Amino acid sequence: MKTHKTRIRSVKALKQILVYLAVVLVALVVLVPYAWMISGSFKETLELQSSDVTIPELRPSWIPRNPTLRNYRDVNRTVPMLRYFKHSIIISFGTMIACTLLALPAAYALSRFNFRGRGVYTVSVLATQMLPGILFLIPYYLIFTTISQRTGILLRDTYGGMIFTYTSFALPFSIVMLRSYFNGIPLEIDEQAMIDGCTQLRALWTVIVPLATPGIVAVAIYAFIMAWNEVLFASVLTGRSTRTVAIGIMDYVTATGANWGGMMAACIVISIPVLVLFTSMQRYIVEGLIAGATKG
Amino acid sequence: MKCMSGWSRRRQATAYWMILPAVAAMLLVHYIPMLWGFYISMHDVNLFTMVDWMNAPFVGFRNFVDGFNPATTTGARALKALQNITVYSVVTISAGYVIGLAVALLLNQEFVGRTFMRGLILLPYITPDCVAFNVWKFIFQSRIGILNRYLVQWNLVTEPPIWLVGPPALWAVTIASVWKGWPFAALILLAALQKIPPELYEAARVDGANAWQQFVMITMPQLRTVSVMLILMSILWNFNAFNQFFIMLGRDPGTAAEVPSTLILREAFTNLKYGIGSALSIVLMLILLAITTVYLYVLRGTAGAEEV
Chain G
1 MKTHKTRIRS VKALKQILVY LAVVLVALVV LVPYAWMISG SFKETLELQS SDVTIPELRP
61 SWIPRNPTLR NYRDVNRTVP MLRYFKHSII ISFGTMIACT LLALPAAYAL SRFNFRGRGV
121 YTVSVLATQM LPGILFLIPY YLIFTTISQR TGILLRDTYG GMIFTYTSFA LPFSIVMLRS
181 YFNGIPLEID EQAMIDGCTQ LRALWTVIVP LATPGIVAVA IYAFIMAWNE VLFASVLTGR
241 STRTVAIGIM DYVTATGANW GGMMAACIVI SIPVLVLFTS MQRYIVEGLI AGATKG
Chain R
297 MKCMSGWSRR RQATAYWMIL PAVAAMLLVH YIPMLWGFYI SMHDVNLFTM VDWMNAPFVG
357 FRNFVDGFNP ATTTGARALK ALQNITVYSV VTISAGYVIG LAVALLLNQE FVGRTFMRGL
417 ILLPYITPDC VAFNVWKFIF QSRIGILNRY LVQWNLVTEP PIWLVGPPAL WAVTIASVWK
477 GWPFAALILL AALQKIPPEL YEAARVDGAN AWQQFVMITM PQLRTVSVML ILMSILWNFN
537 AFNQFFIMLG RDPGTAAEVP STLILREAFT NLKYGIGSAL SIVLMLILLA ITTVYLYVLR
597 GTAGAEEV
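Residue numbers (the numbering used here), protein chains in the order written: chain G, 1 to 296; chain R, 297 to 604.
It is worth saying that the hints were derived from the structure and are not from the lab.
Please note: incorrect hints may appear among the correct ones.
As the list claims (entries may be wrong) - Calculated pairs, DSS-like style, for lysine-lysine (alpha carbon to alpha carbon, straight line, at most 30 Å):
no.	chain 1	residue 1	chain 2	residue 2
1	G	Lys15	R	Lys491
2	R	Lys491	G	Lys12
3	G	Lys5	G	Lys15
Source: prediction; values computed, not measured.
Take the sequences, apply the hints, and build the full model.
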């Protein structure tokens, strides 16, 4: 009896050890690229350029030989990173506000009203998610060009044009995400508010919006991050006056010169807004993502 | 939801007003450009006709034929691109799913630091593409990259491989994409795992089922619906993959690592053949549509149809 118990205990202990080994392995796989990024951001240009995998003394190492802050200090020297940063902030904030304002009533209507065409509309919202972005890009570019020619309104390489583009692309998923959040709020609350004399719209503003704040914030952050990270449209539609960080960062490593240290420092700098926003609202965003992906 | 008949007409009107702004935005950005996309694909829109592209000559399906004619550079590349994206997607999706499932099962165990690990694995997912793939580009550098250091140091290779040029480039991008993609699968699968009622496992244990049997008979069937959606979404995302190729390999990834998105982008905005670019992107959309339809159809044929 006793030996049996100890055997069970040792099997359990062995299982625990295996679990921890697996956890460490997963953590390593996740963290290694970040370690390389951070280490690179503190290396001198000379060290980076002279390193060579074939020569043992010059092998690239994890610990910088002469750690330096120069890459951070000079982040704006060769590449106008601060300008790109400003463009990205404006475009992402604009997208965030526009997207939330448009998604809010649409998601509420989808969640609360049983109107004709609701099914078609829901399907069309979901369908836009599967279409290749590149499919829109060519007509977009040409339409923007034509509008500029005919009306003089510039859309390419302007904040307005970029915010408009990103808002519409973040919109479908935002609506789906927010709708599932609204679905979680009992209908009785609206009804109660309406019995108390609120109209449906007032019920939305005064009762539902405060209750749905976490969901709304999650959508807002999703829109912000989407605009911050977008590459395809930015590579074609932005130019000198709206180039975003996602494209601008590639200036560090070009055919003529590779400033990897500068690029890694910039990588860290531009990750910060995303990481801060995400971690501050992690729980809601994760819930929203799961809901949007599975209940769609 | 109950429909309150008394003021249902007014409610209908309110509902339409509420979705109107979103519908308008989506019409302007999705549906109208898409129709113009069809129009462009049927017309010879190029450098010369671009200024007045709405009046470019009509060419019927010639752009589609030219776009896939193996005798031309573009056609040969288009066919290769489809082949590449298929290889890339199959590997990325299966690896992402298997790793995601394994980690989800691991994080569903009891251990110290579980909450921390759940946050940690989200890091690759939330890291901006432009950051993650530039870091991987740095890792894969032939002479100064950390990967080749170990390959050389441990005598796994004699000459440091050049990862980002030629055929290895596709694999380098695939590895980076798997690293970036599996946390999403893990996140979704973990959420689904936690919804499985524990009674199912207790009943199975009473019946003497071992861990593997429990996994096959309970866990996998319970994860079915979520896995179907997850894999479908991964197919759509990966077939449209652009960022990783563009960031790691540049505007022209070379024939061996060409994918539809990079080819279309270059065809349209570097070679200024907008008509052919549009035709190719419509074919890409049709392929995705076909995959989605077949995939859902096949799944409907098997058990659990109503869940899909």
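### Message
Please list, smallest to largest, the hint numbers that this structure does not respect.
### Response
none
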